[in-house]
Every structure is written in structure tokens, then in C-alpha cells.
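Peer 1: Residues per chain are reported as follows:
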Amino acid sequence: MKHTVIMVGADKGGVGKTTIARALLDYLQRKNILVRAFDTENPRGTLHRFYPGITDIIDFNEVADQMKVLDTVNTSETKVTIVDLKAGNLSRSLDTFDKIGVLDAARNGEFTLGLMHVVGPSIASLDEMGEVASYTNGIPYVVARNFINETNFFEWDEKTYKKYFANLPNAKEIEVPKLNEMAYEQIDLAGTTCSDFVANRNAKGGAGNFSFVLRGYAKKWRSDIDQEFEKLELIQSVLDSARETTVEQTPSNQESAE
Amino acid sequence: MQCGLYITCSDQAKNGKTLISRLFADLLHLRDPSGPQIYDTDLSGNSIVSLFPDQTELIDLTKVSDQLKLFDQVVSSPQRNHVLDLSDDMLNRFFSIYHEIGFEQGASDAGLEILVHYVIDPSLQSVTTARDICNSLSLAKFLPVTNLAVGDCRQIAGAEQVFEELDYDNEIVMPSLAPEIRSWAEGEGFTWSGFLLGRHDDIPYEIRIVIMEFMESIYDQVGAQGEDFR
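Going down the list, the protein sequences come from chains A and B.
Counted from 1, the first sequence has number 254 at position 254 by my numbering; the numbering is strictly sequential.
Counted from 1, the second sequence has number 465 at position 207 by my numbering; the numbering is strictly sequential.
Any given hint might turn out to be false.
What follows is a list of derived Cβ distance ranges for each label pair [stated by the list, open to error]:
no.: 1; chain 1: B; residue 1: Leu397; chain 2: A; residue 2: Asn170; range: 38 to 48 angstroms
no.: 2; chain 1: B; residue 1: Asp410; chain 2: A; residue 2: Asp224; range: 50 to 60 angstroms
no.: 3; chain 1: A; residue 1: Ser223; chain 2: B; residue 2: Asp425; range: 36 to 46 angstroms
no.: 4; chain 1: A; residue 1: Gly13; chain 2: B; residue 2: Gln363; range: 33 to 43 angstroms
no.: 5; chain 1: B; residue 1: Glu423; chain 2: A; residue 2: Asn137; range: 55 to 65 angstroms
no.: 6; chain 1: B; residue 1: Gln331; chain 2: A; residue 2: Arg30; range: 54 to 64 angstroms
no.: 7; chain 1: B; residue 1: Leu395; chain 2: A; residue 2: Asp56; range: 41 to 51 angstroms
no.: 8; chain 1: B; residue 1: Thr320; chain 2: A; residue 2: Thr72; range: 48 to 58 angstroms
Below, in silico cross-link-like pairs of lysine-lysine (BS3-like), each with a Cα-Cα straight-line distance of 25 angstroms or less [as the list claims (entries may be wrong)]:
no.: 9; chain 1: A; residue 1: Lys220; chain 2: A; residue 2: Lys2
no.: 10; chain 1: A; residue 1: Lys2; chain 2: A; residue 2: Lys99
no.: 11; chain 1: A; residue 1: Lys162; chain 2: A; residue 2: Lys99
no.: 12; chain 1: A; residue 1: Lys219; chain 2: A; residue 2: Lys12
no.: 13; chain 1: A; residue 1: Lys31; chain 2: A; residue 2: Lys79
no.: 14; chain 1: A; residue 1: Lys2; chain 2: A; residue 2: Lys12
no.: 15; chain 1: B; residue 1: Lys399; chain 2: B; residue 2: Lys327
no.: 16; chain 1: A; residue 1: Lys79; chain 2: A; residue 2: Lys172
no.: 17; chain 1: A; residue 1: Lys2; chain 2: A; residue 2: Lys68
no.: 18; chain 1: A; residue 1: Lys220; chain 2: B; residue 2: Lys321
no.: 19; chain 1: B; residue 1: Lys321; chain 2: A; residue 2: Lys178
no.: 20; chain 1: B; residue 1: Lys272; chain 2: A; residue 2: Lys219
no.: 21; chain 1: A; residue 1: Lys162; chain 2: A; residue 2: Lys172
no.: 22; chain 1: A; residue 1: Lys31; chain 2: A; residue 2: Lys172
no.: 23; chain 1: A; residue 1: Lys220; chain 2: B; residue 2: Lys327
no.: 24; chain 1: B; residue 1: Lys399; chain 2: A; residue 2: Lys162
no.: 25; chain 1: A; residue 1: Lys220; chain 2: B; residue 2: Lys399
no.: 26; chain 1: B; residue 1: Lys327; chain 2: A; residue 2: Lys178
no.: 27; chain 1: A; residue 1: Lys162; chain 2: A; residue 2: Lys12
no.: 28; chain 1: A; residue 1: Lys178; chain 2: A; residue 2: Lys162
no.: 29; chain 1: A; residue 1: Lys204; chain 2: A; residue 2: Lys31
From chain B, some residues computed to sit far from chain A (all C-beta separations above 10 angstroms) [to be verified]:
no.: 30; residue: Val322
no.: 31; residue: Asp330
no.: 32; residue: Arg351
no.: 33; residue: Phe353
no.: 34; residue: Ile355
no.: 35; residue: Leu455
no.: 36; residue: Glu464
Simulated from the structure, these hints should not be mistaken for laboratory data.
Positions of the beta carbon are idealized from the N, C-alpha and C atoms, including for glycine.
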């Protein structure tokens, strides 16, 4: 199985990057895919708080930390890497990747590099898409519209809407659905994964005492965002590769081959 | 005996929902002296909360905090009966939340039965809404209620056919009460349980006979569901 690196990022802060990285990790883990994560929010590490066992906090501006991620893609036991880029790091990281040949390596099929660009409903956030577009040729590029705070993306203003969303021929769009505020806050407070919250398990794996209603809302949200992820070829290829690897590794298949 | 959530609802107002809720609340009180927990979504304070102020929580379903008060409390107290008097304006919102949070499964996992008593108004729209709700349920029991005081929907063109499409457990038909009888039954201080326990002997004998027949009629129909209130 070829390694897949998915970078989740945005230059603008507060658009929900870590929420989406968490949702993606949650989804992949439920699909029994071994995944590792890097949290570039150095030194605090929000993603690390929810996934301490599989997340390293790194400074992506440091060469040593870039090596931790990129030089290990072909040797890591996990086949999927999620990088949660902190605000302001998206363009800079892509620029660095371009200069050191990472983007070309991905284009040449040495590994799969996907970019999940999280945008909020502000012109500053949407302008980033134009800036990032020059790097995304040949790279799976996903624009994640974050509706988590029940907003809209200038859909009421067709001219503005089209300016940003109708001119992204290579981009795949997903919508991050709204999650009830209390449920969002409760999960955040508990420091659990979404699935643990739904299953009423606390961050230490013990029995939780979470609201049935809020767990219900979280479950529905998880189901909705799962559907969004499943629309993406990038995710489907990860699932397909994982399935192929599983089939190859089953004893009966090995015996048959012998 | 398995406890339950007794929901009384309708798409229309003023058709006897609260009367049904009161009957359940009172009769469940007879079964268990601690009585059921009652929830009232009519925020005016003029509905069932005015009759059972100590046992009733007012629930504003537009607020998540109140949704927690209702659904979390029900699921976490399966050893107790619960009565929900659902106002017509909250019908769609309630069932939307009900399905979104997976309440039916949660209640079932907790060992609680859900009984949806839908008072059908004599209109095609009302029975169609009843059918839609009935079809959306999988683990709950659906019980159509016909209040003869407001009319039988089966007398309306097209409605009888829709009624026949309902997959219900048991129908409850409420006999029509004359206005003077209703004024006693809906009067301040009147409770069905108190009536059964002989605390309303001030009501004229002839009227007590009619009230008793009305109660008997409802009890017999509820008893047909396996409930034993008496």
C-alpha cells in the first residue's frame, strides 16, 4: 500500500482545521486503518490532546521535523499520515514542498499527497484558494467548507460565490456539517474522540457520563461527515488500498498463492 | 413491569391531548405513588403543568438545554414512568430531534417502552401526519386516538383510507363528554385518581356516573394494551 499524506490546513485561523483533522482521524480509525498524525501547533498541540497516542507535535518550519514526516513515509508501519497545519502554515509549507521536490515526488507517484483546505465564510479565507491553486496541480485538492457554525458561503451573492467556488476545476468540495454547539463544547471539554464520546467513553477509556442528547447529535454529525469523506477519491483510494493489503495478508490467500 | 414514556400529541390544538395526558398521569400515579415525571412543552403554563405543578417540567424544545432535561432524564430513569404532553406547535420539532439523536433506540436499550398517542383531528391532513409519524417509528408503539367530541376523521373523504394504512397497536376512542360534564372534569382540583379514590363526592351523582363510564371506557381500551391501572 502506497503511503498517503493528507495535510489539513488553512492560512486563516479559527476555520476548523483541527476539528476536521480530528474527524478524519476518527473516520480512518473506525475503518481500521493504521494512521499517524502530526500536530504543527507547536508547542501546545490541540490535536495531540485528542489523539495523544498517535500524534507527534512538530514544528514544520524546522527541517528536522519536516524529515520526521516526509523521510518516513516509506518506512512507517502506518500507511496514512495526517498533518494538522497550524494557521498561517499552509502556503509556506506548500512553498517549501515545492522547492524541495516533495510535490513533484507526489506527482510522480512515490507517495500520495492530498491537501484538505479548510475555508470559512470570509473573503480572507476564500482568497487563500487562489493562492494555493498554483501548488495543487496533480495533487488531490479538497476544499472543506466549514458549516460547523451554521453559516453560508456567500451563496446569497451568486457573483461572489461563483468567483470562489465555480472556478476550481481540480478541487473536490466537501461540507463540514453543523454540530450542535453544546455537543461540540462537551467533546472539547472531555478531550475525547468523537467516537469515544458517542460510545460514552471518557478520554481514559473508562465509562463516560455524557448526555444522551449530545451523544445523539455527535453521532448524527459523525454520520454526516463520514458521507462527505466518502465522496472523495482521496479517501476511497486509502480505503481501497487498505482492503487490498488486508486481502493480501490473509493466511488463506498466502496458502493459495503457495 | 416495564415503565414507559407516554407521549400524547397531535398536529392540531384543542382536541383533547391534555385530557389524555392527565388520564395517563393520574392513572400512573395510582400505580406508583411517586407518580410519573411529566413534561409539558406548552410554555404558556396553562396546560398540564397547571394541574401537576410539582411533577411537571416545562420544556422548551428549541433550547438544547431543555432537550437534555427531557431526553436525558427519560433515558436515565427507565425505572420510572414518564408522560409527555406535546403541544401541536412542537410536534415536528420533537420528532425531528427524536430521530436525529436516536432516541428510540436509546430508550429501548435502557429498557423503556415508548407509546405515542396521536389524537387525530377530523381532517385529511391530520391523519396523513399521523401516518407519517407512525411510519417513522420502529420500536415505539403507535396508538391513534379518536376524540368523538371533535369528530372521527374516517367521516372525511379520503381520510378513512389513510387511517386504514396506519400500522397501529391499538386505537383509543374517547367518548364525547357533554359540556357540563367536561366542566367538572376540567375544573380546578379535579383529578382522575382523586375521583377513583372517592375524593370528588361533591360532584352530582348523575355526573359522577357519566365520568365513571368515560373513565371505564378509556381504561378498558388502555387495558387492552396490557396495562393494568386499576
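Peer 1: Which hint numbers doesn't this structure obey?
Peer 2: Failing hints, ascending: 2, 3, 6, 9, 11, 12, 14, 20, 24, 30, 31 and 34.
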